[in-house]
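A.B. asks: The residues making up each chain are set out below.
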Amino acid sequence: MTARDAINRAHPLWVAFIVHRLSGLALALFLPLHFWILSLAMTDPARLDGLLGFTERGIVKTAEFGLVFLLAIHMFGGLRLMAPEFLPWRAPHKTLAAAAAAVSFLLACLFLMRAL
Amino acid sequence: MPVKTHQVTIVRSSDAATEFEVPAHDNQTVLDVVSWIQQYADPTLSYRFACRVGMCGSCAMTVNGVPRWTCRTHISKVLQDGAVEIGPLRNLPVVKDLTVDMDPFFDKWIAAEGVHHESRTRHDDIAPIDASDPARVEASAGIECINCAVCYAACDTVTANDSYLGPAALQRGWTLLNDAKDAGHDAILEAVSGTGGCHNCHSMGSCTALCPNELDPMSAIAGLKRETAKSFFKRRR
Amino acid sequence: MTALEHHDTDILILGSGGAGLFAALHAQQTAPEGTKITIAVKGLIGKSGCTRMVQGGYNVALGGGDTVERHFMDTIEGGKWLPNQDMAWRLCEQAVVRIRELENEVGCFFDRNPDGTLHQKAFAGQTADRTVHKGDLTGIEIINRLMEKVLASGVEKLQEHRAIGLIPTADGASLAGVLMIDMRTGRFRFVRAKAVLMATGGGPTMYKYHTPSGDKTMDGLAMALRAGLPLRDMEMVQFHPTGLLAGSHTRMTGTVLEEGLRGAGGQLLNHAGQRFMFDYDQKGERATRDVVSRGIYAEMRKANDPEQEGVFISMSHLGPENVRQKFKGMVKRCADSGFDLAAGQVEVVPTAHYFMGGVVVDVDTRTEMEGLYVAGEDAGGAHGSNRLGGNGVANSTVFGGIAGDTMGRDVAGMTLRDPDMTILQAEIARAVYPLMQKPDLIQPLRQSLQEVMWDNVGVMRTKTGMEQGLVRIQKVSDALMKVGVDDTNLAFNLTWHDWLNMASLCEVSEVIAKAGLARENSRGAHYREDFPDDGGLENSDYTVARKSGDDLRVTREPVAFTIVRPGETILPDGEPETLVAQP
Amino acid sequence: MLTLRLYMLQRITALVMAPLVLLHLGVMIYAIQGGLSAEEILGRTQGSALWFAIYATFTLSIAIHGAIGLRAIAAEWGGFRGYGLEALMWVTGAFLLGLGLRAVWAVTYGAAP
Ligand SMILES: Cc1cc2nc3c(=O)[nH]c(=O)nc-3n(C[C@H](O)[C@H](O)[C@H](O)COP(=O)(O)OP(=O)(O)OC[C@H]3O[C@@H](n4cnc5c(N)ncnc54)[C@H](O)[C@@H]3O)c2cc1C
Ligand code: HEM
Ligand code: SF4
Ligand code: F3S
Ligand code: FES
Numbered sequence: 001m002t003a004r005d006a007i008n009r010a011h012p013l014w015v016a017f018i019v020h021r022l023s024g025l026a027l028a029l030f031l032p033l034h035f036w037i038l039s040l041a042m043t044d045p046a047r048l049d050g051l052l053g054f055t056e057r058g059i060v061k062t063a064e065f066g067l068v069f070l071l072a073i074h075m076f077g078g079l080r081l082m083a084p085e086f087l088p089w090r091a092p093h094k095t096l097a098a099a100a101a102a103v104s105f106l107l108a109c110l111f112l113m114r115a116l
Numbered sequence: 001m002p003v004k005t006h007q008v009t010i011v012r013s014s015d016a017a018t019e020f021e022v023p024a025h026d027n028q029t030v031l032d033v034v035s036w037i038q039q040y041a042d043p044t045l046s047y048r049f050a051c052r053v054g055m056c057g058s059c060a061m062t063v064n065g066v067p068r069w070t071c072r073t074h075i076s077k078v079l080q081d082g083a084v085e086i087g088p089l090r091n092l093p094v095v096k097d098l099t100v101d102m103d104p105f106f107d108k109w110i111a112a113e114g115v116h117h118e119s120r121t122r123h124d125d126i127a128p129i130d131a132s133d134p135a136r137v138e139a140s141a142g143i144e145c146i147n148c149a150v151c152y153a154a155c156d157t158v159t160a161n162d163s164y165l166g167p168a169a170l171q172r173g174w175t176l177l178n179d180a181k182d183a184g185h186d187a188i189l190e191a192v193s194g195t196g197g198c199h200n201c202h203s204m205g206s207c208t209a210l211c212p213n214e215l216d217p218m219s220a221i222a223g224l225k226r227e228t229a230k231s232f233f234k235r236r237r
Numbered sequence: 001m002t003a004l005e006h007h008d009t010d011i012l013i014l015g016s017g018g019a020g021l022f023a024a025l026h027a028q029q030t031a032p033e034g035t036k037i038t039i040a041v042k043g044l045i046g047k048s049g050c051t052r053m054v055q056g057g058y059n060v061a062l063g064g065g066d067t068v069e070r071h072f073m074d075t076i077e078g079g080k081w082l083p084n085q086d087m088a089w090r091l092c093e094q095a096v097v098r099i100r101e102l103e104n105e106v107g108c109f110f111d112r113n114p115d116g117t118l119h120q121k122a123f124a125g126q127t128a129d130r131t132v133h134k135g136d137l138t139g140i141e142i143i144n145r146l147m148e149k150v151l152a153s154g155v156e157k158l159q160e161h162r163a164i165g166l167i168p169t170a171d172g173a174s175l176a177g178v179l180m181i182d183m184r185t186g187r188f189r190f191v192r193a194k195a196v197l198m199a200t201g202g203g204p205t206m207y208k209y210h211t212p213s214g215d216k217t218m219d220g221l222a223m224a225l226r227a228g229l230p231l232r233d234m235e236m237v238q239f240h241p242t243g244l245l246a247g248s249h250t251r252m253t254g255t256v257l258e259e260g261l262r263g264a265g266g267q268l269l270n271h272a273g274q275r276f277m278f279d280y281d282q283k284g285e286r287a288t289r290d291v292v293s294r295g296i297y298a299e300m301r302k303a304n305d306p307e308q309e310g311v312f313i314s315m316s317h318l319g320p321e322n323v324r325q326k327f328k329g330m331v332k333r334c335a336d337s338g339f340d341l342a343a344g345q346v347e348v349v350p351t352a353h354y355f356m357g358g359v360v361v362d363v364d365t366r367t368e369m370e371g372l373y374v375a376g377e378d379a380g381g382a383h384g385s386n387r388l389g390g391n392g393v394a395n396s397t398v399f400g401g402i403a404g405d406t407m408g409r410d411v412a413g414m415t416l417r418d419p420d421m422t423i424l425q426a427e428i429a430r431a432v433y434p435l436m437q438k439p440d441l442i443q444p445l446r447q448s449l450q451e452v453m454w455d456n457v458g459v460m461r462t463k464t465g466m467e468q469g470l471v472r473i474q475k476v477s478d479a480l481m482k483v484g485v486d487d488t489n490l491a492f493n494l495t496w497h498d499w500l501n502m503a504s505l506c507e508v509s510e511v512i513a514k515a516g517l518a519r520e521n522s523r524g525a526h527y528r529e530d531f532p533d534d535g536g537l538e539n540s541d542y543t544v545a546r547k548s549g550d551d552l553r554v555t556r557e558p559v560a561f562t563i564v565r566p567g568e569t570i571l572p573d574g575e576p577e578t579l580v581a582q583p
Numbered sequence: 001m002l003t004l005r006l007y008m009l010q011r012i013t014a015l016v017m018a019p020l021v022l023l024h025l026g027v028m029i030y031a032i033q034g035g036l037s038a039e040e041i042l043g044r045t046q047g048s049a050l051w052f053a054i055y056a057t058f059t060l061s062i063a064i065h066g067a068i069g070l071r072a073i074a075a076e077w078g079g080f081r082g083y084g085l086e087a088l089m090w091v092t093g094a095f096l097l098g099l100g101l102r103a104v105w106a107v108t109y110g111a112a113p
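Chains as they are written, first to last, in my numbering: chain F, 1 to 116; chain U, 1 to 237; chain A, 1 to 583; chain Z, 1 to 113.
Careful, some of the hints might be misleading.
Said to hold, decoys possible - Distance condition first, Cα-Cα at most 27 Å in a straight line; then the derived DSSO-like pairs of lysine-lysine:
(1) U/Lys77 / A/Lys328
(2) A/Lys332 / A/Lys302
(3) A/Lys326 / U/Lys77
(4) A/Lys121 / A/Lys332
(5) A/Lys121 / A/Lys302
(6) U/Lys181 / A/Lys283
(7) U/Lys77 / A/Lys283
Hints are computed from structural coordinates only; laboratory data are not their basis.
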């Protein structure tokens, strides 16, 4: 499959799938790091504080904004996936996908604003 | 002689020519373009068609990366700067040039229990059926599938997972599951719950987006997921 | 290149339309345990042929006033008293069983009335609402369900295997097997079988405008002809009045715009933009297929305008939205090809649709050659001079099933037979002949043949026209023998198959013209401008064409009125003429 | 390569996580004001059986859900099949669970004072 083929075939739900998959993958890769940082509470509290202090810095904040966004979009994406699987109606998939993206974005923005 | 031509690239399995200039006409489908090449430019080009009107589902090919019925696709719809690239359908073994072996597709259709399970015989009367019954409406939604494999070629899960039954076969399973005359309820649920079953579908929706018949295999598959989930709890009591 | 592979089976079925698939199912039901059944088909199983393209539906008398007797009488009258009455009876009677089989065992779903019973409608020429259908895609439903059953049943599949010759035993009395080309590899394969069903579906694609699928090129009838079998009613080519006209460069040309358009009030307009059908028949556009086809043909001839050959069908007066809704599929199909059926006008032309003629068979599908059975559009007799809309698919499914049953029973007492090697070699030589000639274009020859048949042996015929046609057909055949095919790669070599298609079409075209000359009257689809009368129904006879060596002879046999005579009816006294509500 | 069982597990864990994620995000949005500190986090969670239960459930769900999810990706994009695929799923599951539970323990009962 060439990139052009993929672009020609792409459509909103397919993009939603890719976003869901990549966000899931990113979460799975990030979580061990997140867990390790929290475990520092047990082993090296000072370092935990140091790391958490990073949240003040721009990059880290953006990264965190990203993570919250990832979690949000993955969750709402997942819920929108499951809705037609468990509810007996032919779902307006595209609208759901768009709504999931919008809600996630809002949530992440809220997070960012609070963090500022 | 028409002056205008199309630039046509054919993805070949043999090492024959791949670039052609095809005379343009007002009423011209992608199939006509392919036929012209075989009839007038390269007699060795292989492709398949039968009905020429979107009923047999044997002419599907990849046009500019997108699977389509070629007999019902007007060439103007796919030309990009006067050019088009035509290849064999994705996700199926190529026989030669633009023809693919559709057996895997049909093997999976049968593997999904896509065949009527009799509950009556020719000696019985025909069952009276209310066409507006919700289950019947659900069954009728996918009944006009012509097994062209466009959705099968569109689905990246099929590409990535050779055992995945694919949208058309699963949709057939769903249709039968909702068919009051069909006695295969358990067999179908069993068949669509295995390694290649409906649970592999990621609702990418390419099947529904590209089905030339405007059918909705994605929702049919969602229906199967729902029914199998129900049976999951039932079986566990 | 000429390497020959051998293959044995018990029952061999050629073709996977309604006839071939039903035969496969029934043969499994009646044949002794362990019988090997093989389906060989020129395309893919269930995806080739015309049964799949059936739109309107399936004729069957299911009560509500309608009876098998009435269906039978309509079939006989529609066929202008030429049908083999026993076959027609069998058709009408067994259709009742077959439709229940289709619904109950095969799993088809046909459209329902609000009360849940089957919905039935009336095609032109029927005296009852009789046609069972699934929207206007009836064939897809029938063939898809049949195909699933057959695929699941585990019969042996020889897909993209094209039959090219029926090979008899050395004594010529029975069939030994069938020579084929495995199209995917280009190799020859000789398949021996105890019983062979030929169900390759006729298909008059030698006309400039034609409806059947691209794989149908009269191969079966050409093979039967070479095998010395008698063919009947070969002059009977049914034209559908409204085929799409979009130019010779597109395969869309000739495809059917459905009958229902006229039924719903669609108007046919000539070059001057005027309706003309009422000049020909009081029913106007709603007249039967043959009448409307002739009306259109006459208008076309009158105008003789090379820029605008056909006439127009116009629907817009019924309200474009309404048309779009009622004929969704048709409107979309036209739109895909660049035409606006709902609001504009679409150019149409009569198009060769169905072949009533075929191999002479008995009511159990047996032929005079032991081991060879013929069913579906390849078999002659059931329709006589005209096929009623809806009787085509009934015919192929009914007789396909009967063929399966018959072969299943017969095969128990049969053994495999050895072929006449000289004939086998001769058939191979015929097929490789073009590979030894200098390659050239074939399509122009196909177009010439199609012009000839349209001009000289088409909707309206005359003696001089057909004689001229014969000369022109011969010219095309001669030209074909000088055109070769590049043999560097025979795998999926469509051009080689185009050549073979042309060979079949030329052979059968000659028979159509000769049978047309032999019938000096006008019946149903066969219209002689020089003999417009029906020649007296009491004296009905049918043509039989037969080839021995290069000698093609057409004789005439009297129709046996085994059930009913012209002027009589088998309907009870006092039955109304028609049960269809008149518009 | 999902069968009904894996599919159900993935969906059930997803449903379990949905409210937990909302809770988690809510707490984060609330807590993040004025920056995060170890003290603050621990102040909330330390010694709380409730937090332990919530986060342990969350972690278990993540481990199951994530492992099944990675399995699908490994099969479809990485070409894993058979034992390799099963092993991968179990190992990632165990890894996520181990690391996760350790973290939960750390912020509830295990923190250095
Ligand atoms: C557009 C259209 C609409 C129609 N609508 C109706 C309708 O509404 N009602 C009705 O009753 N009838 C209708 N008919 C007619 C009906 O379709 C046919 O009469 C009937 O289906 C013929 O069935 P069959 O099995 O004989 O042949 P087909 O279904 O045509 O099957 C022939 C098979 O033989 C195969 N074959 C051909 N040559 C070879 C070879 N050399 N070797 C091996 N295999 C070969 C083909 O590939 C195909 O599989 C319609 C026909 C057309 C074209
Ligand atoms: C409330 C939270 C979550 C919900 C509702 C949710 C939902 C889902 C759903 C429904 C799927 C299946 C997608 C498919 O079959 O295509 C999925 C896949 C996945 N999830 Fe989650 N998930 C959540 C949280 C998480 C978390 C925290 C992780 C991190 C480990 C994660 C990782 C994954 C991965 C890796 C996949 C596989 C993606 C794929 O197959 O394309 N998910 N999720
Ligand atoms: S669902 Fe649509 S795309 Fe898929 S096989 Fe059927 S008709 Fe073709
Ligand atoms: S494209 Fe494939 S992933 Fe599912 S929704 Fe359709 S089958
Ligand atoms: S040729 Fe039959 S669908 Fe295109």
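A.B. asks: Go through the numbered hints given earlier and state which of them the structure violates, listing their numbers in rising order.
C.D. replies: 2, 5, 6, 7
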